Amino acid sequence: MNKRSHSIAFWAAVAVFLVAVLSMTQIVRNEYPFFAGYVILQFIALAVAWSILGGYAGYVNFGTNAFFGVGVYTAVALFKATGAPLVVQIAAAAVVGMTLGFGVGLLTLRMRGIFFSIATIALAIIIETFVMNWRFVGGAAGIQIQRPPVMAPFDSYVKMLFFVQAVLVVIAIAIARYVQNSRIGRGLQALRDDELAAECTGVPTLKLKLIACMISGALISAAGAPAAMYLQYADPSSAFNLSYSVSALAMALIGGTAHWIGPVLGAILLGSTQQLLAVTISSEVNVLVLGIMLVLFVVGAPKGIIGLLRPRYRLRAGGKQ
Amino acid sequence: MDLLLGAVVLGVLLGCFYAAVSVGLSVSFGLLDVPHVAHPAFLVLASYGVYQLNESYDIDPLLAGLAITPLFFLFGLLAYRVYYETFERRGSDAAVRGIAFFFGIAFIIEVLIILQFGVDQRSVSATYIGKSWRFGEFRIPIRQLVAFAVALALTVLLAVYLSKTFMGRAIRAVAQDEEALRLMGANPVRIKQFAFGIATAVLGIAGALLIIVAPVEPTLDRAYIGRTFCVVVMAGLGSISGTLIAAIILGVAESIVLTLFGASWAPAISFAMLLGVLAVRPQGLLGR
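So the protein lines, in turn, are chains U and Z. Read left to right, the first sequence gives residues 1 to 321 (this note's numbering). Read left to right, the second sequence gives residues 1001 to 1288 (this note's numbering).
Hint data in this document are derived by calculation from the structure and do not stem from the laboratory. Just so you know, these numbers come straight off a predicted model, no measurement behind them. For glycine and all other residues, C-beta sits at the position ideal for the given N, C-alpha and C. Possibly wrong hints are sitting among the right ones.
[Said to hold, decoys possible] On the chain U side, residues computed to face chain Z include the following (Cβ under 8 Å):
{"id": "1", "residue": "S117"}
{"id": "2", "residue": "M132"}
{"id": "3", "residue": "V170"}
{"id": "4", "residue": "V287"}
[What the hints assert, rightly or not] Computed footprint of chain Z on chain U; a stretch qualifies when at least three of its residues, placed anywhere within it, have a C-beta under 8 Å from a C-beta of chain Z:
{"id": "5", "stretch": "7-20"}
{"id": "6", "stretch": "121-130"}
{"id": "7", "stretch": "288-295"}
All chains, full assembly: derive it from the sequences and hints.
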């Protein structure tokens, strides 16, 4: 029963969130909050998607940028070839991301620890090199994108993208939450703690890791698909920028990966700090802050923010939030 | 044919240079099992140190590299201490967080370099930079020859140190059986910390070679993650002689692809080779 009331609370919160986002797009005139908010939502989606493999299973994926860039370029190629609408671009990106996740998983998931992490960087660079040599989508120079006219309830494209990204965030969180509570999540956590022991007690470790890698890949690519429309421009070195990997990993680890709420908290906290810093200082300082926070948390608070908040209430009472 | 021969010769020179930049990782990752993703970031940092000394005091880059070596040794001691206290000693999911830790360190170094020096390429000046020797059909830049000679000397020196000296043997022993060493009354952590210091100190010279061979930029470490890990994994973890062979294979492969297909495919070669090695022969050429 408790589980069901949790579920009701969750979906009620989701409904409130989406209604709030939608009415915000109708009421607020200034476009800037949507520009900034879009990026924060994108980080939430990335961090949550990353933690499905990286957090639950403990496989540190450095290749978030590979999946993100593949999402961007699936959307670009599809739009250029057929002029397909955004929803189709996102769906196609998710399918391609899932397929890539399957391939990456087959190739790398037997590797442990650092070998897996380095292999994911390798894949990102190899895919980026292919895109750089792919003339149809502009090669290394990049490609300019004309936005199609906006759809009905929205009066600007950025507001629409903001809403679309909010929906993607909800989908990502719902899936992460489902995975966490299902047999998949329990299996992943078992193999995270001790892969050999899990394998011996009959947990189908490779199958579970493949599923996690496919889900994570599909969600990251889907989150990347609208990016070309957002920037009206796509080029390989920004679409495959390694900073997406650091951000997703750092936000998830800083928030805490034991529960889906961790990456959400981490992404909101760091994403909004970064938006503030980007305006007030510079984008380099952003990455610096991200890196320092990552190192400090990994050393000092291994369970992340939720680890600080949840099991030890005296910490919260001490005002250390 | 001459073109290909020239590519092979340059590839061998390049390969020895790759050995010098990877040999430290062969100790820290290969022997000590530390997931040191920040190794190439320290390498680029060393290059900028050399650049600064060369720029302000007009010191020869190799001497400058030698001058920052003690500093890098201390860096290494400190980095291992932090790593040991926070990850190795606690066990459990140390590997996951250790990787994230070094990834974060690499990014911090990258950004600090950008904030200090900007994103432009930097290069050093020395008498041997800019000239080249003619061998019949093809020319070899003297900077490549200098880098080759120093790199080879550095790699051989480290190999000799690890196999002939008392401390070198202790490092190999701690890599093989830490527990046995503890039972014999030695302190394995001290030995590992010293080894990590050596592995980082070597980067002083390697960083000088990096900026002698070509201009450097702050994000250059990303390309070298592939190269250094490719070499160390292909070599077989912890094998110094394997490092030299693997690095030469990588150098020749890169040089040939560069000649035949052009520079736009270059960044992917080391990573593709790394994936190939991991998939086909994960224990490396001279694996233990």
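Checked hints:
Interface restraint check: S117/U against chain Z, minimum CB-CB distance 5 Å, threshold 8 Å, status holds. For M132/U, the interface hint holds, since its Cβ comes within 8 Å of a Cβ in chain Z; the closest pair sits about 6 Å apart. With its C-beta approaching chain Z no nearer than about 27 Å, V170/U sits outside the 8 Å limit, and its interface hint is violated. At its closest, the beta carbon of V287/U sits 5 Å from a beta carbon of chain Z; the interface hint therefore holds under the 8 Å criterion.
Beta-carbon proximity to chain Z at under 8 Å applies to 0 residues in the stretch 7-20 of chain U; the threshold of 3 is not reached and the given coverage is violated. Counting residues of the stretch 121-130 of chain U whose CB lies closer than 8 Å to any CB of chain Z gives 8, which reaches the minimum of 3, so the coverage claim holds. Closer than 8 Å: that is the beta-carbon criterion, and the stretch 288-295 of chain U has 6 residues meeting it against chain Z, so the requirement of 3 holds.
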